[in-house]
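Put chain B on the given structure of chain A with help from the hints.
2 protein chains.
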Amino acid sequence: MLYSKLFGKTIKEAPKDASLISHKLLYQGGFVRESTAGRYYFLPLGLRVHQKIQKIIKEEMDKAGAQEIVTPVMHPKYLWKETNRTTSVGFELMSIKDRSEMEFVLGGTAEEMMVDLVRKFQLSYKDLPFNIYQFSTKFRDELRARGGLLRAREFMMKDAYSFHATEEDFKQEYENMKQTYTRIYERLGLKTLVVESDNGYIGGEYCHEFIVESEAGESKFLTTEDGSYSAHEDVAVFEVDNKNLEEEEKSLKEVEAVRGTTMEDGVKLHNMPLWQQIKDVLFVDEQGRFILAIIRGDYDVNETKLLHLIKAYNLRHATEEEIRNKIHSEPGFISPVKIKEGLEDDLELIIVADKSLRSIKNAYGGANKKHRDLFNMNIDRDYTADIEGDIALAKEGYIAKNGQQLVARKGIEVGNIFQLGFHYSSKMTGATFTDARGEQKPYYMGCYGIGIGRTLQTIVELGHDAKGIIWPADIAPFKVQLIGLNLDNEEVKRQADEVYQKLTQAGVEVLFDDRTTAGPGEKFADADLIGLPVRLVVSLKSNGQIELKQRREKETKLMELSEIISFLH
Amino acid sequence: MLYSKLFGKTIKEAPKDASLISHKLLYQGGFVRESTAGRYYFLPLGLRVHQKIQKIIKEEMDKAGAQEIVTPVMHPKYLWKETNRTTSVGFELMSIKDRSEMEFVLGGTAEEMMVDLVRKFQLSYKDLPFNIYQFSTKFRDELRARGGLLRAREFMMKDAYSFHATEEDFKQEYENMKQTYTRIYERLGLKTLVVESDNGYIGGEYCHEFIVESEAGESKFLTTEDGSYSAHEDVAVFEVDNKNLEEEEKSLKEVEAVRGTTMEDGVKLHNMPLWQQIKDVLFVDEQGRFILAIIRGDYDVNETKLLHLIKAYNLRHATEEEIRNKIHSEPGFISPVKIKEGLEDDLELIIVADKSLRSIKNAYGGANKKHRDLFNMNIDRDYTADIEGDIALAKEGYIAKNGQQLVARKGIEVGNIFQLGFHYSSKMTGATFTDARGEQKPYYMGCYGIGIGRTLQTIVELGHDAKGIIWPADIAPFKVQLIGLNLDNEEVKRQADEVYQKLTQAGVEVLFDDRTTAGPGEKFADADLIGLPVRLVVSLKSNGQIELKQRREKETKLMELSEIISFLH
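Protein chains in written order, with my numbering: chain A, 18 to 586; chain B, 18 to 586.
Next comes chain A alone, as it looks inside the complex (with noise of 0.2 Å):
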């Protein structure tokens, strides 16, 4: 390719929104061009690295037996209500009507589209197992799109779908999966962590993400010192101490207490452990059911799990408002003890206890009535929970299930993998398929999906220098920048020609800079930014030889074009 001829040049500003480097590299290369907040043109140069990492993402999916299909980009909305998603996914999926009037979704995810293909056909046990995948664009109607490709509201997303007769065959795929996308990234330059995460809105029971350490990253995760345990912010797990269970239960008591409405108010008041107090945080879902989530007061509720507990999908905070009139308490001053005496036949209130509760005696805290707490409040005794479980948010330094410490990292989430189990194939009608007794049995389902324009983008962002992208060899747009200087001698014009076309019929995958506008230090900045894996440069001063230089290296060296076509085979 002429550089002269691309479409698609570099340029020195960068987009003003734009704070992370690899955003900025991108566009500035002549990558990427943003058309609306979050939804992306791939001009030449991207396009081809774009290609090359889904090349790989096919060769490696090919070789572990799934099976390449597409599905339409509208999807009826009709199978998406049949699993309930068209509320669950809430805002992010987008609605469209054609001119009947018939209403169709533009998809994050094709779970309904590959159910409902899978069910057309009459399939026994013997046509499984099977895992069909499909590179698509993917939409995300998200609220801010940021950070250039890494949450685009638009984006090619490679999902695949596994379909099984039993979970233990599921199992199987699951770690087959786990193994490609581990060769995927390695393929790709990326050290990637699988970490345990929530499945949101996919739903199922399990699900892993496949993690590369960013400070650019969103995603927050907790991991111990030797890595054998991993799981994103939302999921993860701790031990909580036992505080002062030697303690002998006091009888419960009201004292005043004027005091402001925080934790650190009652400590200061009362002049006891933060862990004594409880904390109690009242929500309300999706459905208007009201959630009191109580907790040891050192912990933070992790909203997640919550939701999970009460399988609800949004929550918000209740208002003081609801607290006083509906609840009848006072914020600042909740408890569980007799919160649920008066309160209206209609209104539905849940009380959700952390296991942490357990771990403490004779727990302060508010007396539902404003400046009136609560002493020596007992589980059991005193209160009960209509759930109990774990709904503790872990934290750096918090002691991992192995015994080691949990440390807290950020990275880039740039694929996943999923136990669904039943969930969709349970919901959809027939979905279903004729096991060795001639019964008919829903298929055991999982999901893997990988974004290639975050993982692109992730690339990047790990692999830069002060001067631009340093491109894996395997991704690179092209192998070589051949740089041509002093195009106006006739020989080095001629010189420089015959590289590229000798190059080209060798197979290498040159972009030759043949501009003659172009000085030097402009030639040498653009081959820096654009970040091939190769420079050569063809000059009066390099005489006849080629200087060649690794963009990873500092050393040049001039050589003979036979050297430098062996050198790149």
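A portion of the hints provided could be inaccurate.
Same chains, same label: a pair holds when it works inside one copy or across any pair of copies.
[Unchecked claim] Derived pair list, reagent style PhoX-like, types lysine-lysine, alpha-carbon separation capped at 20 Å:
no. : residue 1 : residue 2
1   : K412      : K355
2   : K80       : K22
3   : K155      : K114
4   : K143      : K22
5   : K114      : K94
6   : K496      : K22
7   : K355      : K270
8   : K188      : K22
9   : K80       : K519
10  : K98       : K267
11  : K75       : K155
12  : K444      : K412
It is worth saying that the hints were derived from the structure and are not from the lab.
Same frame as chain A, now just chain B:
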């Protein structure tokens, strides 16, 4: 690939609404499935063909100097408003809002998106010309989806857009693309005709369709025996023969005419030739303007030509009520003579006369009153037109410019190329480059499309027999269908496995029918239906050798594996 593991096997039933053999075969062979009407899944076999077609197109486009990019799927609607296409494309355009109420469209073509990208760059004449293309899903909200992939509501298109400093430069690229398309279709095994056609809502002044002759097609075109002239019915021109120009003009007279409202009624009543009668057709366009199209009685009005002349994009016939109450005329008795007298001030009536009215004298027809006709109407003397031009529909038997008779044909449009000129760059602000004198000039543009799914189905429509599909070798999903019979015999099984492995190792794409549950008849029928170029059979009967049969031929022969490998290379 093992057939036993293939997702999407053959099936006996065909879709109820499938009238075309190609639609049926693609369904029965396991290539595609419909989601909702006009939106298709491509199964593994179908996607392989689709990707091979794409690869050929990409190779030829790259060879022709075009550069691949990709645009977002959702086009901001304000771009389409810049060019006024939100109205001209009408119902086929799908609109969607994001959560911030920003409007987008799902595009059927991407001119605005491409211009919006290109104008982000400060281009000079040195950066021109270039041709950028993409493979992307296109959306057309068709009233009726039919014919499988031939008229789908979603489909992948290769769409290319070229940008030039001058018309001369554009013309070279138009020729370049014409030749590139011809090569592409040749490689796909399709014989195409390059047919002048209408540019529709794309705009511009001229364009050509690449048409494959087929009764299944919806494109009606006319061509001459020697093929030197081919044009779509919408735009075809012909030579008007002069009738009675030697006659002297007689005086206009009104007569009683108790007759029906058809042209034939006039002929019968007055016993005069059809060609001497004036045909008057009253339309209403999208702006509410009345359009009176008048033409020689033996010709029909071509609405596409009419639309271009009046610069409108939609026509409907005027109702009887409108003819009476608005135009003060009478259905079946309309005449251009004095029709504008007495119209209300705010009513716009445009008289468009076909040039064929200059080939007759002393015409007859209605008198704008019930049961009254006029004799001896002559253009210029008795009536004038606001616009005069060619609005005649060409038909088989008419004489083309080259003196030969036109012949009517039907075909499938598989691609098209458009001159756009300044159609977009003049409407979109900043769509300019700096010319050699430093002045800002709009780009001169062209665009070039190929529908992949439609091309794929056309290949099947043209390439099949009673038993199934016959794929051209270069785009067959696999090169070889290997059938194993008597696989319960260990020796045969071992041999079949060996053939499969050795061929695969030799780089041959093999679909191995390894089923033990299907008999020979079923396996042979499936192979014929799927239509791979070469069928190999390993069985007890083949006795250590392998039976080879080409899909296009009848003979089988026994060969050694080594012979087969060299045959396949």
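Results for each hint:
1. K412 <-> K355: Cα proximity of K412 and K355: none, with 32 Å in one copy and 90 Å across.
2. K80 <-> K22: between (37 Å within a copy, 14 Å between copies)
3. K155 <-> K114: both (18 Å within a copy, 16 Å between copies)
4. K143 <-> K22: Between copies only: 9 Å across, 54 Å inside.
5. K114 <-> K94: Both: 10 Å inside a copy, 16 Å across copies.
6. K496 <-> K22: within (18 Å within a copy, 38 Å between copies)
7. K355 <-> K270: within (13 Å within a copy, 104 Å between copies)
8. K188 <-> K22: between (51 Å within a copy, 19 Å between copies)
9. K80 <-> K519: This pair counts as between: shortest inter-copy Cα distance 17 Å, intra-copy 34 Å.
10. K98 <-> K267: neither (53 Å within a copy, 75 Å between copies)
11. K75 <-> K155: For K75 and K155, the Cα distance is within 20 Å only inside one copy (18 Å; across copies 24 Å).
12. K444 <-> K412: Classified as neither: same-chain Cα gap 36 Å, cross-chain 57 Å, threshold 20 Å.
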